[in-house]
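Undergrad: Same order as they appear, the protein sequences are chains Y and W. So for the first sequence, this note's numbering puts the first residue at 1; every next one is plus one. So for the second sequence, this note's numbering puts the first residue at 1; every next one is plus one.
Just so you know, these hints were derived from the structure itself, not from any lab. Heads up, a few of these hints could be off.
From chain Y, some residues computed to sit far from chain W (all C-beta separations above 10 Å) [claimed, not checked]:
| # | residue |
| --- | --- |
| 1 | Leu281 |
| 2 | Pro299 |
| 3 | Asp346 |
A partial selection of chain W residues facing chain Y, derived with a Cβ cut-off under 8 Å [stated by the list, open to error]:
| # | residue |
| --- | --- |
| 4 | Gln47 |
| 5 | Ala66 |
| 6 | Leu90 |
Sample of chain Y residues facing chain W (criterion: CB under 8 Å; computed from the structure) [unchecked claim]:
| # | residue |
| --- | --- |
| 7 | Val213 |
| 8 | Val214 |
| 9 | Thr215 |
Predicted, not measured: the structure shown is a model, and the values here were computed from it. Even glycine gets a Cβ: it sits at the ideal position worked out from N, Cα and C.
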Amino acid sequence: MKLIQGNEACALGAMQAGCRFFAGYPITPATEIMEWMARLLPPERGVFIQMEDEIAALAAVIGASWGGAKAMTATSGPGFSLMQEHVGYAAMTETPCVIVDSQRGGPSTGLPTLPAQGDVMQARWGSHGDRAAIVLTASTVRDVYEVTVAAFNLAETYRLPVVLLLDAMLSHMRENVELPPLPVVNRRPPSGAGFQPFAGAEFQAFGDGPPFVVTGLAHAASGRPRASDGPNLDRMLRRSIARIENADDVIRYRGTALEDAEHLILAYGITARSAAGAVQLLRRDGVRAGLLELQTLWPFPERLVQELAAQVEDVVVAELNLGQLVLPVRAAVGGAAPVRHLGRADGTLFSPEEIAAAVRTAGDREVARA
Amino acid sequence: MPRVGEDLRRYLQVEAMPHVWCPGCGHGQVARALATALDRLALPLEQLVLVGGIGCSGRTPFYFKANALHTTHGRALAFATGLKLARPELTVITNMGDGDTAAIGGNHFIHACRRNIDLTAIVYNNGIYGMTGGQQAPTTPRGARSVTTPLGSIEPAFDIVQLALAAGATFVARSTTFDFDELPSLIVDAVRHPGFAVVEVLTQCPTYYGRLNELGDAVAMLDYERDLTLPQHAMTKEGLAGRRPLGVFRREVAPEYTAQYAELCARQAKRS
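Based on the provided sequences and hints, a complete structural model is requested.
TA: In C-alpha cells, the structure reads:
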C-alpha cells in the first residue's frame, strides 16, 4: 500500500507499460506526470525531454515511436488543443503513442486548477478529418495506473494514438493503492518477407530493417504517398475505424448495481465517484438505481448503452461539461428511455446528493407523465 | 553539369519520380548535392532518416532510398529531435523550406539550435511559398513582390544564418544553388559535425519568385543569386556592400544533447 497522487500513478503506469520516452511541456494540472517521468526514465535509460511547446512535444513523441520507443506526452486543455494536428498525424501514420489530457475548466486558459470534463468531444473530433480514436478515462488513483497501462497496450495493439482523459481533481488526488505488475503488450516486429509497414499490427522502427517511408499524406501499405487517391484513403480509414468498434479489449467499463436497476446513471471519470455515492443514497431509500461507469469513451460503447437502456425506466448522464457524452448516449438510447443530462462547467464536482436528486426528479417526471 | 550517374542513382528512389518540382526549380540541385554528399559519407541507408517538412522542399526525402519521415508544416525538427533521442545511432537530416523553418517552425528551429542536438538541417530558401502558389515568406526581401504582397513587401526578411548563430547552432553555413560545386562538401561537413548543423541554401523559384519579380528564367536567377551574395573570402574592406555572405560562419564543438543525455543516464544508473 502506498499513498500516491493520480499523476504519479499515471507515470508509474507508463513505466510499468514499458514507456521509455516522454516529451512534454509544463501545464497545470498535468505537470507532475512530467516531473515524475523526468525522475523515473533516466535510471531505465529511457528518454525524457522538455520541449518548447506542446506541438513539439507530440511531434517528438511520434518521432521517438518511429525510433522504436513506447512514447507518451501529458498535457491539459490548452496544450491538448495545440497538439491536435499531430493527433491526426499519429492516426494517419498508425503511430502508437499515448497522450494524457488532465482536463481543467475551459475554454481557453479557463479554470486552470479546477476539474472539468470538457475535452470529451475534442478528444474524439479535435483533429481534422475522420479517424479511429481510442479515448479512455479513470475515476480512482488505482484506475489511473491500470488505465494508463491499458492505454499503452491498446496503442501498441491497434497502432493508434490513445488519449487518456484525467481531470484536475483526479490528477491531484491522493489515495492508498497497490500497484501490481500488469500484462504488457509489446510492439510486434515484422515476422517475415514481404513486410509492408502499413498493412497491419506489425511495426518496424527506423533503423531496424530496410528503409521505408512515413508520411501524413494518404499513402499505400508500403508508406509511399498516394496523395490523389481518394478511394484508397477512404478504405484505409474505414478499416482502421472498424478494427476498434466494439472490440472487446477496447471497451472498458464498470457496472454497479445494474442487475435490477430501474434508473441508470451513466458517468465517467471523477464524476463516477459521485455517481457511485448517489447509487448508495438511492438504494438506501429503496430506489433501484445503477451506475454504468465508462472507462472507454471512444469508440463509444453503443451496444452496451443500448442494451442497458432497454432495461431501465430512465437514464441520467452526469458529466462536468454542458452536454458532450450525452449526445452519443441519446443517439444510442434512441426512444428506449428518456435521457436526462446533468452537467456543469463551474469547476465543481457533483455531490452524490445532486446526482441522486436528478434521478429522483427524472423518476417523478415519468410518474407525472404516466 | 554532368548527368546523374549510376553512383548517385544508388541513392535515388527513381520509382517515386517524376518529382513535384517545377522546371528550373533549384530544389533538384540541392537534392543532387545531398545525394553526392551521401555518396561521400558512405552511410548505410538503413541508418539514415531524411525528415521532411511541408512544402516543395519537404518532398525531397521521397526521392531517396533512405528512410523518409515526411512530417507536418514547420515541425520537422521536433519530430527529428524525438527520433534522434530515441535512436542516437541514426543519422537524421531535415529538409525544410524557409517558411517551414522561419515562420511556422521558427520556435522549433531556435530551440533545436539552442539544444545542440546532432541533427543536420538543410534549409531550402527560395524567399517565397512555392507549393501554395507564391505567397510572401518571412525570408521575402523588403520590396519584393509575391501574390500576397502585390505592391512589394514592407517587412524586413529574416536572415536564417543570423538566426541560427544567435540561437546557438554550432555549425552554420550558407550556400546557393549557383555555388553548386561546393554544396556537397558543406553538407558532408554539416553531417559530420557532432552537434546541430544548419546549411541554408539559397535556391531559385523561377515559377513564382522569378516571375513575380521579373528576374527571368532559372539560369537568369542563378546569376541573380551570384550577384546577391559574396563568398566570405572575397569580402573586401568595403565589406558586403549589401550582399549576403556565403560559407561557414561557425564550426564549434560544444556539448551535444544526446551524448550529454547518455552521460546523465549512466550517472543515474550508477547511483541507484
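Undergrad: Hints first: check each against the structure and report whether it holds.
TA: Cross-check of the supplied hints:
{"no.": "1", "hint": "Leu281", "in the structure": "holds, 48 Å"}
{"no.": "2", "hint": "Pro299", "in the structure": "holds, 25 Å"}
{"no.": "3", "hint": "Asp346", "in the structure": "holds, 34 Å"}
{"no.": "4", "hint": "Gln47", "in the structure": "holds, 6 Å"}
{"no.": "5", "hint": "Ala66", "in the structure": "holds, 5 Å"}
{"no.": "6", "hint": "Leu90", "in the structure": "holds, 5 Å"}
{"no.": "7", "hint": "Val213", "in the structure": "holds, 4 Å"}
{"no.": "8", "hint": "Val214", "in the structure": "holds, 5 Å"}
{"no.": "9", "hint": "Thr215", "in the structure": "holds, 4 Å"}
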